[in-house]
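In order, the protein sequence lines correspond to chains F and V. Letter 41 of the first sequence, counting from 1, is numbered 41 in my numbering, and no numbers are missing. Count along the second sequence starting at 1, add 1000, and that's the number in my numbering.
It should be emphasised that the hints constitute simulated quantities derived from the structure, not laboratory data. Any given hint might turn out to be false.
[Stated by the list, open to error] Residues on chain V that point at chain F, a partial pick, calculated with CB under 10 Å:
| # | residue |
| --- | --- |
| 1 | P1045 |
| 2 | Q1154 |
| 3 | I1196 |
| 4 | K1250 |
| 5 | C1253 |
| 6 | P1255 |
Note that beta-carbon positions come from the ideal geometry of N, C-alpha and C, so glycine has one too.
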Amino acid sequence: MVAVKGNIEQQQEQESQREEYRLLVESVKPQHNVLKNCVMAFLVGGTICVIGQLFLDFFISQGMGEREAAAVTAGTMVFLGAFLTGIGVYDQIGKIGGAGSIIPITGFANSIVAPAMEFKREGFLFGVGAKLFTVAGPVLVYGIITSCLVGIIYYLLQ
Amino acid sequence: MGEKVGQQSVSFSQPPVITSSAAIVGPEEGAGPLAQYFDWVIDDPLFGEKSWEKAECKMLEESGKLALKKINLQTQDADLFLAGDLLNQIVSANYSARGLEIPFFGLFGACSTFVEAMLLASMLVDGGFARCVLLASSSHHLTAERQFRFPVEQGVQRPATGQWTATASGALVVEAQGDGPRIVCGTIGKVVDMGITDMNNMGAAMAPAAADTLLTHFEDTGTNPDSYDLIVTGDLGKVGQKLLIELLKKRGCDPGDKLRDCGLMFYDTEKQDIHAGGSGCGCSAAVFSGYFYSELKEQRYKNILLMATGALMSPITCQQGESIPAIAHAVVVSS
Chain F
1 MVAVKGNIEQ QQEQESQREE YRLLVESVKP QHNVLKNCVM AFLVGGTICV IGQLFLDFFI
61 SQGMGEREAA AVTAGTMVFL GAFLTGIGVY DQIGKIGGAG SIIPITGFAN SIVAPAMEFK
121 REGFLFGVGA KLFTVAGPVL VYGIITSCLV GIIYYLLQ
Chain V
1001 MGEKVGQQSV SFSQPPVITS SAAIVGPEEG AGPLAQYFDW VIDDPLFGEK SWEKAECKML
1061 EESGKLALKK INLQTQDADL FLAGDLLNQI VSANYSARGL EIPFFGLFGA CSTFVEAMLL
1121 ASMLVDGGFA RCVLLASSSH HLTAERQFRF PVEQGVQRPA TGQWTATASG ALVVEAQGDG
1181 PRIVCGTIGK VVDMGITDMN NMGAAMAPAA ADTLLTHFED TGTNPDSYDL IVTGDLGKVG
1241 QKLLIELLKK RGCDPGDKLR DCGLMFYDTE KQDIHAGGSG CGCSAAVFSG YFYSELKEQR
1301 YKNILLMATG ALMSPITCQQ GESIPAIAHA VVVSS
């Protein structure tokens, strides 16, 4: 009984030491500049979207319907994202832009091409094939699940 | 014969001699302030090989060969090869041992591996189990990134507490007799875990282990920070170093201006984008084998305490929500 009590006290003391240390770490840790990060994300993300808009307008001006033009624009932006990843530029943009370059479709392309390049040396099956969606996988899984759920809710509400 | 001192320390009766050293570093490290002290700065992270893993292995093997060659020794002259690295199954060490053909012990202590090897080599030499030990450790930025973090071309922001795994390798030859700085004593660390779970804040995970080993060392050997010219940590980085100072002060020990960190010395922290500092098995290995070894040899330092820290987690344990255990080993090297 005494030993058990001793153990509990020991655990409590360890917990309080850990908590104290956690607070110390928080006080020493360099803080993110949230404002700067938001501004950079807005500028980089905004620029990517403006480029997308320019393509969209261009395709429409060439006589495409709005839906076709949107699809072709998405394809073009994916190509650009993949291309910039391939020549080693997109990770530099990501360093500055953060979420601004992750959220647009170019970021999605980056998240697939980067592992494809990385795991090429492990072969096409267990390297590229198996690792292609390591980063994009969760986005796809939960994106698809969410869109299904929203679809069902929409159907029921109609 | 050496003996155990206090709780966790050992001292050597015939302090083993570090008769040679070699350091090979990558391009980012070669652009840092210590570049002139390294034997070889490689421009290409692939080092002429087909993969980054092969490049790291070659770096480790070449640094070992170079350390032996500098004092006209052949690989068969070494009784033992002690080596380790960061990769799964310590493949860089294993594959370089395949090339060297020296009886081999593979070690893993994460970024503390180099000092772990120095301690073990000294114990084996002073204990009479080996006359000449080659020890080495390495890390490679690009092999570590893909194992622990994201693909290299992935456009992600690294947090300010994150550290830059060094592309570097360092090797020493430790002998029973000869000329060079001597390993006088050392302290074997305990695994310490203060509940840090953030893989991007290794400094915070490792600082408590560093404080524990350092205070134990002072107690065991009856020394204090003033007993040494410098107290050199492996790769605590900016965050970990601040935390170590806080933890030491709390326990009534003021390190004053004696603390240095290999991870911070390796790079120009203002100009190079390495966030909280360098890290990896190669970090303390190359900075000691390159810079400190030559400074000790030139008698610019009389005795330094080298303490390397290692974070002993894997990405899997971290994903499972486990906290990060850490360890720190220390050796005292005297000119």
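Cross-check of the supplied hints:
Interface restraint check for V:P1045: the shortest CB-CB distance to chain F comes to about 12 Å, outside 10 Å, so the restraint is violated. At about 4 Å, the closest approach between the beta carbon of V:Q1154 and any beta carbon in chain F falls short of 10 Å, and the interface hint on this residue holds. A least Cβ separation of about 7 Å between V:I1196 and chain F falls short of the 10 Å threshold, and the interface hint therefore holds. A hinted interface residue such as V:K1250 counts as satisfied when its beta carbon comes closer than 10 Å to some beta carbon of chain F; here the least separation is about 9 Å, so the hint holds.
Against a cut-off of 10 Å between C-beta atoms, the interface hint on V:C1253 is violated, since the closest Cβ of chain F lies about 16 Å away. Interface hint status for V:P1255: violated, as the beta-carbon distance to the closest one in chain F is roughly 16 Å, over 10 Å.
In the structure shown, a violation is registered for the earlier hints numbered 1, 5 and 6, in ascending order.
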